[in-house]
Amino acid sequence: MAREFKLPDIGEGLTEAEIVSWLVAEGDSVEADQPLVEVETDKAVVEIPSPYAGVVLSHGGAEGDVVAVGAVLVVIGDEGEGLDAKDSSPDHPEPAPVQQVAPIVGTLDEEPETIEPVRVAEPAGSSRVKALPIVRKMARDAGIDIEAVTGTGPDGRITRDDIEAAIGSAAPAASHDGAPVTQLPRSEPVAPAPSSQATAGRVTMSRLRRTIAANMSKSWAEIPHVTTFDDVDATRLLAVRAALAERNEMKIPIEALVVKAVIPTLRAFPDFNSTLDGDDLIIHSTHNVGIAVDTPDGLLVAVIPAADDMTVLQLAAEVTRLGEGARDRSLTPGELTGQTFTVSNIGAVGGGHGTPIVPHGTTAILSVGRAVERPIAANGEVVVAPVMPLSLSYDHRVIDGGQGRRFMALLMENLEEPALFLAD
Amino acid sequence: MFAFVNSDGTVRDRLPVTLEEMKSLYADMVEARTYDTKSMAMQRQGRLATYAPFHGQEAAQIGAAAALSEGDWVAGTYRDAALNWRAGYSWRLLILGRTGDERGGEVPDDVNILPPSITVGGHMIHAVGLAWAEKLNGSHRIALTSFGDGATSEGDFHEAMNFAAVYQTPTVFLCQNNGYAISYPTWEQTKSETIAAKAGAYGMPGVRVDGNDVVAVLVAVREAADRARRGEGPSLIEAVTYRVGPHTTADDPTRYRDDEEAESWAGRDPLLRVRLLLEKAGGWDETWQSELESTSSDVIEEAVEWAERVPEPTREEMLSRMFAPEDG
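From first to last, the protein sequence lines stand for chains A and B. For what it's worth, the numbering used here labels the leading residue of the first sequence as 1, then goes sequentially. For what it's worth, the numbering used here labels the leading residue of the second sequence as 1001, then goes sequentially.
Misleading hints may appear alongside valid ones.
[Unchecked claim] Some chain A residues close to chain B (C-beta under 8 angstroms, calculated; not the full set): (1) Pro8; (2) Glu12; (3) Ala44; (4) Ile48; (5) Pro49; (6) Pro51; (7) Ala53; (8) Val55; (9) Arg405.
[Stated by the list, open to error] Just a sample of chain B residues kept apart from chain A, beta carbon distances all over 12 angstroms, derived: (10) Pro1016; (11) Thr1050; (12) His1055; (13) Ala1250; (14) Ala1262; (15) Lys1280.
Rather than coming from a laboratory, the hints here were simulated on the basis of the structure. Here the structure is a predicted model, which means the values were calculated and not measured. Every residue, glycine too, gets a C-beta built ideally from N, C-alpha and C.
The task is simple: from the sequences and hints, build the whole structure.
What follows is the structure, encoded as structure tokens:
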């Protein structure tokens, strides 16, 4: 009879382990307590001995795979048995119920008999769902009804993550009183977090927020940032945008034009579309442009892969699609990773200049503020024109100040005269 | 350092034990190691909670327990399963306790052993109290308390040692100095040259013995117990040994000690030296070894099977053993 062996918590409070090496191959026999697999946890590399004697029918993961505590690590069957014979028998032989009299010591040896478990009355107000007291408190503090939460832990136990997820989905579509704040793991925040409200108490940050914090720290700690600022006269850019929108009867997000203007600039300065890897600079041949999207849950960076092959109209459609997908959270993880350069349009929430943080794994990020009418000097006269603020942060290990200014100058030339990039 | 049997099985002095006693001590150490190995495996299989292995410390524990008399008290730590078992605590209950069932700590009435103490050092004070009570009752029972080197850095050690000496309680303090307080080496915990030296400050005798020599431990504890029984007060024994395995199943010793150190102690294994000694004396052969291993395995497997068949306690039982019955 095939039996599943689920990865136990072999440390204290572990959630997962990585399979280092299998010591018994699939199809091979194993003795009880014979070393079966070596796994690495947060704490140590440990050898797990086989809980049963038999034949290893299947491994629950390959070497290098991470297995969650409670997930099937291995299936062991009798000699000559196949995988299809697997049944759902428990990990250990079900202990036979034993008649329990007075003290257990010395009275339990023989002849088990079935007894009905004692039904303990539920104290008023207590909950029947399984959850640790700390998790219950977390739910209470957040105003979440723990009875309504689906547990994903062992035996349906409700975990901290479940409560965090519940808090996340219950959060109101709060207006952003500052720059965009959050995004998914593996990509980076592009703007500073909003100033903290004066609150009483202490709140453990969500897992998402903690991931962002870790990524921010990594970028900030490893990348020497330089930010260069400028303003561009957006008169022609806005005219082109309006004309395209009218002719094609579609919305043309400003990002579509900015991306289109950025690409020839990146071609001229490939270091801005690269990854620093140790002593090497990996220069990317394609331009996967990340677009920052402001959503109720926070900022997400959606990625337009190979943006260089697209027309402005295609870019416009893609930016619109990614924006909607980010807001209703229907984007796949693949659509949220892999940017080689990032554009953050903070114009939607106002925004002038900023000092965006360069996402780890890239070398630069451009932040675009809202174009507002301002007096500017033109041909010796003061005129009023829509002025768009630009902020470019880059990795100073890779890019010098002069190069940063030259990139900015070419980008401004493109944005001020769209004919220069629309032909691409 | 007080010792009889060298690591290579040769002896320094005439042994104060018979060949049969020696074989019996060896058999006990084999059984204890079988339990330890099985417990480590079971923890990795999710069948036991965190486990603190005593591999390498069998002689210190079996030797000490063998020196005790019927009715003597034992107050040990979470790493003292071999000591507790040899003193009368069943494998069944020890395993039951490690499965997470607190009833494993419910010691039978006729067994004077405290449940394994998880708190480092607190039980030394209990042992002094038990010994004092026996003294006040005029019995000849003594109390032995076992603890690690780390516990001697706790305030409880001072309280227990001082009180025991002042009131001349019949207490034997047995420190299994296994080199580490979790990851912290002994030499970084104390400026005293030895732990035994601390006894002098409290006004009691202190002796340092080879903790991997079962005979040395047996003799030292027996002498200390005899003193205590004669009303001459407490003693401190420092048994110098080595924790071969991790602190617990949640520890990785490779992070704080090097392989060479562990290997150097492998040659000082407490079982190996007795086996070599017995072999020279004609008291050991492969057949007997196989028998011992097979019998030990059967005994431990039976205890495991028993412990895993015990039904889970009810919720009421979680609190029902907090206090003694009112009419008691």
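* Asked: Taking 12 angstroms as the cut and beta carbons as the points, is threonine 1050 of chain B off the interface with chain A?
  -> Non-interface label on threonine 1050 of chain B violated, nearest chain A Cβ at 6 angstroms vs cutoff 12 angstroms.
* Asked: Would the stated hint for glutamate 12 of chain A survive a check requiring a Cβ distance to chain B of less than 8 angstroms?
  -> Where the cut-off is 8 angstroms and the nearest Cβ of chain B is about 4 angstroms from glutamate 12 of chain A, the hint holds.
* **Verdict on histidine 1055 of chain B as a residue remote from chain A, using beta-carbon distances over 12 angstroms** => Holds, because the least Cβ-Cβ distance between histidine 1055 of chain B and chain A comes to about 14 angstroms, which exceeds 12 angstroms.
* Against chain B, with CB atoms and a cut of 8 angstroms, does the hint on alanine 44 of chain A hold up? -> Check passed: Cβ of alanine 44 of chain A comes within 3 angstroms of chain B, closer than 8 angstroms.
* To do: Decide, holds or violated, for the assertion that all CB atoms of chain A are farther than 12 angstroms from the CB of proline 1016 of chain B.
  => 35 angstroms, holds
* Using 8 angstroms as the Cβ threshold, decide whether isoleucine 48 of chain A counts as touching chain B. => Check passed: Cβ of isoleucine 48 of chain A comes within 5 angstroms of chain B, closer than 8 angstroms.
* Asked: Can we keep the proline 49 of chain A interface hint, with Cβ of chain B closer than 8 angstroms?
  -> 4 angstroms, holds
* May I ask you to test the interface hint for proline 8 of chain A with respect to chain B, counting a Cβ-Cβ separation under 8 angstroms as satisfied? => Hint holds; proline 8 of chain A Cβ to chain B Cβ min 2 angstroms, cut 8 angstroms.
* To do: May I ask you to test the interface hint for arginine 405 of chain A with respect to chain B, counting a Cβ-Cβ separation under 8 angstroms as satisfied?
  => It is violated, given that the least Cβ distance between arginine 405 of chain A and chain B is near 49 angstroms, above 8 angstroms.
* To do: Compute the least Cβ-Cβ separation between lysine 1280 of chain B and chain A, then decide whether it is above 12 angstroms.
  => Given a closest Cβ separation of 32 angstroms, the condition holds.
* Asked: Holds or violated: is there a CB of chain B closer than 8 angstroms to the CB of alanine 53 of chain A?
  -> 13 angstroms, violated
* Asked: Holds or violated: is the Cβ of alanine 1250 of chain B farther than 12 angstroms from all Cβ atoms of chain A?
  -> The assertion about alanine 1250 of chain B is violated, with a minimum of 4 angstroms to chain A.
Consistency note: the structure conflicts with the earlier hints numbered 7, 8, 9, 11 and 13.
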